[in-house]
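Undergrad: For reference, the chains in residue letters:
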Amino acid sequence: MTEAPLSSLGDIQARPPRAGGPRLPQLSLSGWIGLALVVFWTLVAVFGPFLAPYRVGAIVADDVFEPFSARHLLGSDYLGRDVLSRMLSGARYTVGLALAAALLASSTGAALALFAVVSGRWIDELVSRLMDAMISIPSKIFALVMVAAFGSSIPLLLLIAAVTYVPGAYRIARSLAVGLNQMEYVQVARARGEGRLYIATAEILPNMINPMLADFGLRFVFVVLLLSGMSFLGLGVQPPHADLGSLVRENTSGLGDGALAILAPAVAIATLTIGVNLLIDSLPRRRRRSGGEA
Amino acid sequence: MADLVQVRGLSVTACDDAGATAAIVKDVSFSVAKGEVLALIGESGSGKTTIALALMGYVRSGCRIAGGEVVVDGVDLAQLPEDRRLALRGCKIAYIAQSAAAAFNPSKTIMDQVVEPALIHRLMGRADAEAKAVELFQALGLPAPERIGRRYPHQVSGGQLQRLMAAMALITDPALVILDEPTTALDVTTQIEVLRVFKKVVRERGATAVYVSHDLAVVAQMADQIVVLNRGEVREAGRTDQILHAPADPYTQTLMAAARPAPRVQAAPAPAAAAPLLEIRGLSAGYGRRDAAGRPASLVLADIDLRIERGATLGVIGESGSGKSTLARVVAGLLAPAAGEVLFDGQPLPPGLAGRSAEQFRRIQIVFQNADTALNPAHRVSRILGRPLELYHGLKGAARERRIAELLDLIRLPAALAGRRAGELSGGQKQRINLARALAADPDLILCDEVTSALDTVVAAAILDLLAELRRELGVSFMFISHDISTVRSICDDVAVLYAGRLVEAGARAAFAAPPFHPYTHLLVSSVPEMRRGWLEAAAVAQPPPRVGPLAEGAALCSFLARCPVRIDGLCNVQPPTRRIGAGHEDLCHRSTEDLRRLQQAAGRSAAP
Chain C
2 MTEAPLSSLG DIQARPPRAG GPRLPQLSLS GWIGLALVVF WTLVAVFGPF LAPYRVGAIV
62 ADDVFEPFSA RHLLGSDYLG RDVLSRMLSG ARYTVGLALA AALLASSTGA ALALFAVVSG
122 RWIDELVSRL MDAMISIPSK IFALVMVAAF GSSIPLLLLI AAVTYVPGAY RIARSLAVGL
182 NQMEYVQVAR ARGEGRLYIA TAEILPNMIN PMLADFGLRF VFVVLLLSGM SFLGLGVQPP
242 HADLGSLVRE NTSGLGDGAL AILAPAVAIA TLTIGVNLLI DSLPRRRRRS GGEA
Chain Y
187 MADLVQVRGL SVTACDDAGA TAAIVKDVSF SVAKGEVLAL IGESGSGKTT IALALMGYVR
247 SGCRIAGGEV VVDGVDLAQL PEDRRLALRG CKIAYIAQSA AAAFNPSKTI MDQVVEPALI
307 HRLMGRADAE AKAVELFQAL GLPAPERIGR RYPHQVSGGQ LQRLMAAMAL ITDPALVILD
367 EPTTALDVTT QIEVLRVFKK VVRERGATAV YVSHDLAVVA QMADQIVVLN RGEVREAGRT
427 DQILHAPADP YTQTLMAAAR PAPRVQAAPA PAAAAPLLEI RGLSAGYGRR DAAGRPASLV
487 LADIDLRIER GATLGVIGES GSGKSTLARV VAGLLAPAAG EVLFDGQPLP PGLAGRSAEQ
547 FRRIQIVFQN ADTALNPAHR VSRILGRPLE LYHGLKGAAR ERRIAELLDL IRLPAALAGR
607 RAGELSGGQK QRINLARALA ADPDLILCDE VTSALDTVVA AAILDLLAEL RRELGVSFMF
667 ISHDISTVRS ICDDVAVLYA GRLVEAGARA AFAAPPFHPY THLLVSSVPE MRRGWLEAAA
727 VAQPPPRVGP LAEGAALCSF LARCPVRIDG LCNVQPPTRR IGAGHEDLCH RSTEDLRRLQ
787 QAAGRSAAP
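Protein chains in written order, with the numbering used here: chain C, 2 to 295; chain Y, 187 to 795.
Hints are not guaranteed to be accurate.
[To be verified] If the Cβ cut is set under 10 Å, some of the chain C residues that face chain Y in the computed set are:
#, residue
1, Gly49
2, Met184
3, Glu185
4, Val189
5, Ala190
6, Ala192
7, Leu206
[Claimed, not checked] Have a look at the derived ranges for each label pair, beta carbon to beta carbon:
#, chain 1, residue 1, chain 2, residue 2, range
8, Y, Asp435, C, Ser31, 45 to 51 Å
9, C, Gly230, Y, Ser247, 40 to 46 Å
10, Y, Tyr473, C, Ser137, 31 to 37 Å
11, Y, Ser285, C, Ser31, 52 to 58 Å
12, Y, Gln265, C, Gly230, 57 to 63 Å
Keep in mind the hints are simulated off the structure, nothing from the lab.
It should be emphasised that the depicted structure is a prediction, and the values quoted were computed from it without experimental measurement.
Even for Gly, the Cβ is constructed at its ideal location relative to N, Cα and C.
The shape of chain Y in the complex, shown without the other chains (with noise of 0.2 Å):
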């Protein structure tokens, strides 16, 4: 069969602003068969998107196509006149960009926005658009299709808008498409949505694919073919199964290992006989106007009882909203609880900054998720750290030097570091950098928000390492927050789940290896792909949580009941969850463990291969 599209010899080059070029694509060669889906996948900085766009004839500003042909159906794009691309885009080879937010225009109505691809490229009327539209919304599972289309961007979900995108680019039946990382910005159990509708339409329409993305367990359920890029190069090409099972080179056996979080985690430290080093008790938080009884307007945490005991690492997941991040900013002081207390280190916390001491500043740090909105971009590397060690420790002048020089090393950095800007450093070093930050101050407890989520895996995995390390050799302990469950129990001792705000289950982190789960977390734990072909298909479907009465007015019932897909009708809508606490383990759940248990081995046997 004809391949439809050949890259032969595509070579990208860049300019900088000081007029230094740059070959950011360098020979890269490939092709697709008709009807197949090709994989490009790399880390950030190997060309991969650079590729995708060439595919479509496309360059970003700065850069060329310096070589090579991109054919494309028999047309050589890289030769072809702009007004010749400009028909072919959107038409013939459609995009599917990363962040379908960005994507949509908000002061439009989605259909408007979906049909336009057709009448721009005159192909059909605007009443077959909006017919053909509400049959692609039908295929992509997306709730009410009659209707969705005359709502807003902001008024349907992150997933829905990446599937209406799906949309847009399909409208045309175009004969390439081009994913660009399309659910890398979804919370893990959207994703699998999301990618099984792509799967499925991207088979019944007989669509040939090109899929970017920097995650293989993703590549794997979705690829034909994959070509391992890394910087501008390709390092291995071949079919999915050869690459998964026998990968030849040694930069995809990095990857597959980084994509596979190991445990880092030794022995669990001896049990304190002293007050744990955190405790939260009863913690409610939330922002906006509060009223009469101290409760602000949005409630983002209710209810909250956590512990993390001295050296021990906590970590906490849920999915976007679910108020991870705030707990954070609460333990840190940066927003007042409306009710509840935190101690810490057996003393009650200040609510706020207002009353804390510089002691207590000291002794808790938080490190934010994207180093380049955490680091002052005015600042060099030796005053970010520098700062921390005059406030707290009063070191000056050589003294302060050693200390900077010594946690760069900590952090394993190069000490010549120290005179740059956070502009001059690569994503991973400023990752280090705002983690040395924290250390800086010698603190007892570390609040890490996301701090590998911005990052590649292989890239995060160093940073896993290093934290796991810097535990074992300073014994802080740290809050670490995460949405992704595979990364939680690769570092945790204990870890916590957080669905709307509320606590749904936690305990010890062998408790999370194997069911029972609070059905929350099953569904967390499942939705996490895995690095087999055969997976997505295999994967249970959601069912649709079962048939329930009436909610009970005024009671405080299961926070994921609206999702859940074992809720009892007269139990679960109307009583509160029972607490239940065992041994170093706690759920709030109404099934008893032995449902739980039952319920999801039988998923998990089903899912099996």
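Looking at chain C on its own, in the form it has when it is part of the complex (with noise of 0.2 Å):
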């Protein structure tokens, strides 16, 4: 933007765009703030493994539940094994499946959505009926059932949390493309003789991403949760790996001590899903509508 001032609204509205090239996405300093976290836990899920000073489940502290200190600079945890390496190693399993899971039921939720909008009152009306089915159960027992029935492996955790999470994802992207199905320039490719796919891709979902990626945002933030009260029932990443979550979990009884065992984990916990909703609060919005009449 220059400096010129400009003579009314309506050259604001008009600009040209910025001349072309790449360019830094417009961030807001939250946004910049959200995306320095995702970016940090992302690394961390990456290299974290390599990077830890210990294994997993050796023992090697004197004492369960240490202070900070050189030599394990998390302390330790109820059993004396080294927080910061079960944490490096742990990242992994929150950031990945926890990412993995809520993408796949943004992403089934939007693409179901989508084709129910397009197909018609009838099938609308099924996969509709199907989604309210499946959001009558209940989260955790069907997730225990599942872990009972099939054993507990990371596979089946990203299934069950992706599950739990679609119909929900379903029911924001309908009631967002009912909303836009409605719109004339939908109307408009229809009476063009475009085709259902093209509708859907091309017309309809461009217009829902923005608020889906923020529905994505709390879906990230929910399967964080599930896979954690998972664990700290015991059904989640099995021992001696543990997500974050489990990592909290284990160490309640250090919580009377304030022990940095529990509080660090908790606070990855929230770092990390603060960051994800800063970043995808802040991302560019495009512009809706010009603006009122003057």
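With the hints as a guide, bring the two chains together.
TA: See the structure below:
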């Protein structure tokens, strides 16, 4: 933007887009903080295990719930294991599993919603009632049954978390798609003879991405909480490995002492979820409509 | 006499998302004497609403008063603390907004909302306020003034709601009333009634008023003084007569020219020997569940016969709810008709979208009224225009780019616009792109649904010129749907008038220049404000329809019967109207042509200056 004064609001709306070429996304301060947190946790998830000073299951400290020291930067846990090592190894379960599950849930929900909306009344009705049925199953009970039946494994956890959150994502996506489906540009596309696939993917989808991303941030947090809850019950990631939620759970006995072993993973979960949401909330939004009548 | 309102050097600036500031009102000064009506006129973006709001010391969020003073009754509102301003708003200064439907709370009764300003400012008790409201309802010509307050906003018509909003504004006997485009959203036949009561009430109560509008003809009826605004600056200010008869500023002259649509039709196309391009026979359509006979729950169109010759333009007019948009949707295939058939180029069109061929899709294009919602905000102009090129003509790569540039050139837009999204264009540019998308298909017929209604007069005039030019150069046929008879008369060869889903009159444009008209067409024609003072007073006050006996059951009576001022007892209420088909003209009325001509000429004479 130049400093030259603009003669009217109309000029602001009609200004040319900035010259092409790569440019940094326009993010607010909170957006940059979110981005930094997300990048940090992604790096930890990828490289954490190689950086861990000790093996995951090794009991290396002299005492349980040790405070931080040069040998154990984040102290030791309830068995005297190195908390930093356990977190570096465990972050990938939380970040990877939750991210994958939330992505799977949101994209499946959105795809089903688009399919339902462009396919007409009967299919819409069928899919919607199916989703209603799924939403009525309590997620924890569903997870318990599944783990009891098939035994805990990473793919199963992924599937459970995804299936649990598909109906919610579907509901949001469908209500967005129903509204967009009534827009005149969609009707123009119909009158042009476009197929359903084109209408769903080219006309409707791009306009629901932003709200769906906000919803995705929410789902991600839900999945982290679900996985932590599962781990709390001992049904999540199996020992000696542990996701961040399990780390909080297994060290609850240190809560009274304010042990680092419980604070550190709790703070880790908080920063991760806050980071994801800060980033999503500050993604540059397209102007929905040009300014009103002046 | 002292001026009630004095605005001196008012400047308002706005901040956009990026933090850039722009002046939207620049050094504006004017004054209004007590008891006078001042009009602020200009197109959108001229800052007229911003000034009107500043008269209450209010600016929209993101804006601020950067300088100058707004003195109302000796108090400078620009300097006043917010709590003192609050005490003035709705009490001493009242505001009537454009959309009454949006200004009323749908979950409270009308009376609750009308007396609210008086109660908030503790001016009178509830009983007194209600009595005063009823008195105002009466003065505003509302039906059943005693009872209308008990209704909810959705239970009254748009014109009534607008008048109820005036009652809400006037209940505190404000010194200054600000009317912000109060009749823009109304049908022309409703507008005239609302204008008449507004004028009467403002005069009777001796209120000072500021009237904001983009319509010079409306302003000519209401205002003593006119301030012409453009881009936040005063272009010209003066008495109404001076502005109307001797505009000094070139911008005012442009506005005047745009407000009087010049005929844009050249020679009518040679009557084609071949079948008409589009022929509609006995068409009925509607929405909702269909009964056993295939009649939808709410029938919007009934028994429509129309034809469009090759290269000709058919204008379809009617007020809101007359079914004109539904007609376009049926032809475009977006709605399957309940009965009747549509022949395109001699071939019957499949009723819905399902059975249509790619070629049929290509040859009929629809252009919607609101370019804001008709263009996908996620797509760039190149994609919006490129998609039909790819779909219908298989154009790709450089050939496609070239054609997009040609199309942009055709609609008089720079080729550089191809990289922009719809949100980055102005209203007129968007409407041109909307039109260009239809042209990209190389269609034979373009259905234009109110394409100029959402635009300012100047921009709309440019779009109409463009349409006329496209027609001349490309030989495309248009179905031009509008509620504005002067627009239709300026660009169409044939005109069809719809009322309540039925055709009441159809024929060549020439037949719509002078009486006889169908009574409804006459009402439409005579309700369009003329750009001279005194028109409103002279325009014949709608006569209450003569009394008729009970309506015959089951007969397809005249759709205009309920409002017709010249209906005949014993004929109109028992027999379907006779369809008269003359030379290229037809209408449905029991009155003879001579009768209509005599009655309408008499009405015209009494209205003449």
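Undergrad: Hint by hint, say whether it matches the structure.
TA: Structure-based check of each hint:
no. : hint                            : result
1   : Gly49                           : violated (38 Å)
2   : Met184                          : holds (5 Å)
3   : Glu185                          : holds (4 Å)
4   : Val189                          : holds (6 Å)
5   : Ala190                          : holds (8 Å)
6   : Ala192                          : holds (4 Å)
7   : Leu206                          : holds (8 Å)
8   : Asp435/Y - Ser31/C: 45 to 51 Å  : holds (49 Å)
9   : Gly230/C - Ser247/Y: 40 to 46 Å : holds (42 Å)
10  : Tyr473/Y - Ser137/C: 31 to 37 Å : holds (34 Å)
11  : Ser285/Y - Ser31/C: 52 to 58 Å  : violated (36 Å)
12  : Gln265/Y - Gly230/C: 57 to 63 Å : holds (59 Å)
Hint violations for this structure: numbers 1 and 11, all remaining hints satisfied.
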